[in-house]
Structure formats: structure tokens, C-alpha cells
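Peer 1: Sequence:
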Amino acid sequence: MSDVPGAFAALALQQPKQNDTAVDSSSKPEDLSCPCCFRPGKLCDSFSPEEAPMKIRGLRVLMASHGLDAYIVPSGDAHSSEYVAPCDERRAWLTGFTGSAGTAIVSMKEAALWTDGRYFNQASTQLEGSPFTLMRQHEPHVPDMPEWCKTQGSKIGMCGGLCTLQFSQNFREKGLELVPIATDFVDVIWGSRRPKVPRNPCLEQPLALTGESVSSKLERVRKELNGSALVLNALDQICWLTNLRGNDVECNPVFFAYAVVTDELTLYLRCLDKVQCSNGLEQHEADERCALLRATLVEHFTRENCQVNLLPYSSFDAGECAQRCTGRKVALEKATSTLAMAAAIPEERRILLDFSPVETFKAAKNDVEIAGLRKSGIRDCAALAGFYGWLETQLGRVDECQACDEIIRRRRMMG
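For the sequence shown, the positions run 21 to 435 when the numbering used here is used.
Since the hints were derived computationally from the structure, they do not count as laboratory data.
Hints may contain errors.
Here are the simulated DSSO-like pairs of lysine-lysine, each with C-alpha atoms no more than 27 Å apart in a straight line [what the hints assert, rightly or not]:
{"#": "1", "residue 1": "Lys194", "residue 2": "Lys170"}
{"#": "2", "residue 1": "Lys395", "residue 2": "Lys243"}
{"#": "3", "residue 1": "Lys194", "residue 2": "Lys354"}
Please work from the sequences and hints to get the whole structure.
Peer 2: Structural data, given as C-alpha cells:
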């Protein structure tokens, strides 16, 4: 399979590693062919599918190369977010179903999508005519995902960076061990059509709005950890802990980052990733913006009486995570931490938590936060009251989209 070009050679068709049960040596190049040109043993550089059947065929080529019986595509991103950036809408791109909750599984013969009762009508409409069968989650006689996977085979793959410890545990309890894949197959097939990864600047949330400094929050978290390290990837928790906000996900004030809490705080920020530009001037401007952002963040944490290691997002991996936590037990939140994050941390050193200390502290609002909630509620009520008055004069003359635009406009006017 050395003749597989580009990203497929480097990412998808990797050689077997120790303890990597994902690769089946019985798979042969002649068993695989490109869905668009049918050349045996490879996927061509120009393979860029638009329709679900072709996407599934490409996915099955990669599954066969790894000896997998099925492959799982979740809704969430590497941070287990419910709402994701366009570049992380893998399940929506693969299936055509755009609801915020759902999991797709593709086997060598079938394809299915699980979602809950909120989305039965939407999923039924959007999946009509597609290869995906709608699995109405929690309805009578509908198998859950592990049960369905058992009918397809024993080797079930999933990107390790998207598979949470809790999701993996659910499968293990049903007698199935998920095979972590280094690079998501959907990303490989999506290729150049995949939207760009957002790298928006972090925004300071002043003490007048947070009511507590970063150093105070860290002190409380460390006391709860009792000498252990904590690795965070839930974006809302990192925002709360650092008194920063962002704009990397639409309608969500978050930025892409990982955080490791030991005696010091280490942040891995996507906005600090080096941007490769096509010419020297653009590269210089990009580097200047990154340096300015770093300096701004240093000033923010200085004001917060806190020393922080600021590193690029791309430098975070299992080895880096384990190295930062050397000599300590490591606390990981089961619902958000992924297999990729924990890969280099021995199980005897892991402390698996239902909720991280940050999540618990974030849930208990201080007086300043409560006052902020009340003020925002008053502003929103004023916007809604004005909107309802306007709507009464416009009934029959505006549609839902125009009404939606109006309420957005009125809310923005409130600041």
C-alpha cells in the first residue's frame, strides 16, 4: 500500500504499531479500489466525494485497509463539544443530517445513524434516499450502538481524538473494545473541501465580570486535586478557568485549547499555532499578529497574578500530556477526555472523574456572575418585549426568517 498518495499514505494507511489491532494483515491492495476511478489498491489524489454513497465507499476503502468491520463518526469535536465549528461537522458532512446530536456508524455492508427524539422528524427528512438507516434512539426494538456493532463484526474503529473515555467504556461494558485510529477517516476523505480551522484571538474577561481571579480559581482547583494533575479539554471549563473568551464556534464564546494544571498552568492555544503563508510579507504579518496576541495574553495573566506557559495547540499530544504530568496521578473527566489524551498515561495513574473540579466550581456562580446574569436577562427581556410589539404589527407580512433577523437585530442593539 505504499503507492497510496498524499494524505492517505501518511495518515490513513499507517503501518501497524505495537498493540495496534486496527490493521489486519489479510487486507491486500487488490481488495481496495478508488471509488471515483476504480484504480486498485489506492485512493487517488483527486478523490473528493460530494454524495453520501461515494463518501461511504471511500470510508470503506480506509476501513478495509485497517481491517475494521465498522467505523464510528460522532457529532462532537476533539473537545466533546455539542456545538462545533464547520471544520468539525464530520457527521453532518458524511450523512447530510445537520442536527446537533447524533452518531453515525458505517460497516462494510450497512450504514446507520442514531439520534434522539428531538430530531426524529428532521433526520427522517434529511436521510431520505441516503444509504443511512435512521435508528430512533431509546425507542422499543431499536438496538443501541454496541448491540448493532456486534452484528457487524468485532473490530470497531473510531478516531482516538474524538472518542471519550466514557464512550469507550460503554462499548467495553458490552464486550467490544474500540480500536483508536490516529487520524479521522472522514477528515482524510473530506480533504481540501474541509472548511478552514478557526484561529480567532482570545478575548479577556475582566475581573469586573468574573468576580474571581485566575490565581484564586487555580488555588481552589489545586486544593481539590490534592497533588494530582488535571488535564482539561472541555472548552467552557478552560474559558472559565482562564477568564478568557473566544469566537471559534458560532454562538459559543469559546476558543480552541487544552489545559494542564499542575504546580503551574500550561495552555495550548490554537490561536498561537503558526500560520503558513504563501509569501514573505503575509508570513511576517501573521507572525507579528501571533507575537502581539502572545504579549496580550501574558499581560492578561500578569494582571490575574498568574504565571502561565503559553504553547501552540499543535504541540499538544499524548506524549506532551504525559510529560507535563510526570510523577503525578492524572485527573481526567470521563465525559470529555479522549482516548488520544490518555494514551500515554498508564491506567494505574489515571483518576477518572464524573465531573472535573473546574466544572463543579463553574456551576456555583459568585455574586458578580449572578448580577451579570440578571443584567443580561433584563436586556434580553427588553429586546423580546420590543420584538413582540413589533411582531403584532407585522403578522401576515413577515416570514420566520424575517422575524428571526429582527430579534437578532434587537438583541444586538442591547449590547
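Peer 1: Enumerate the violated hints, using their earlier numbering and listing them in ascending order.
Peer 2: 2
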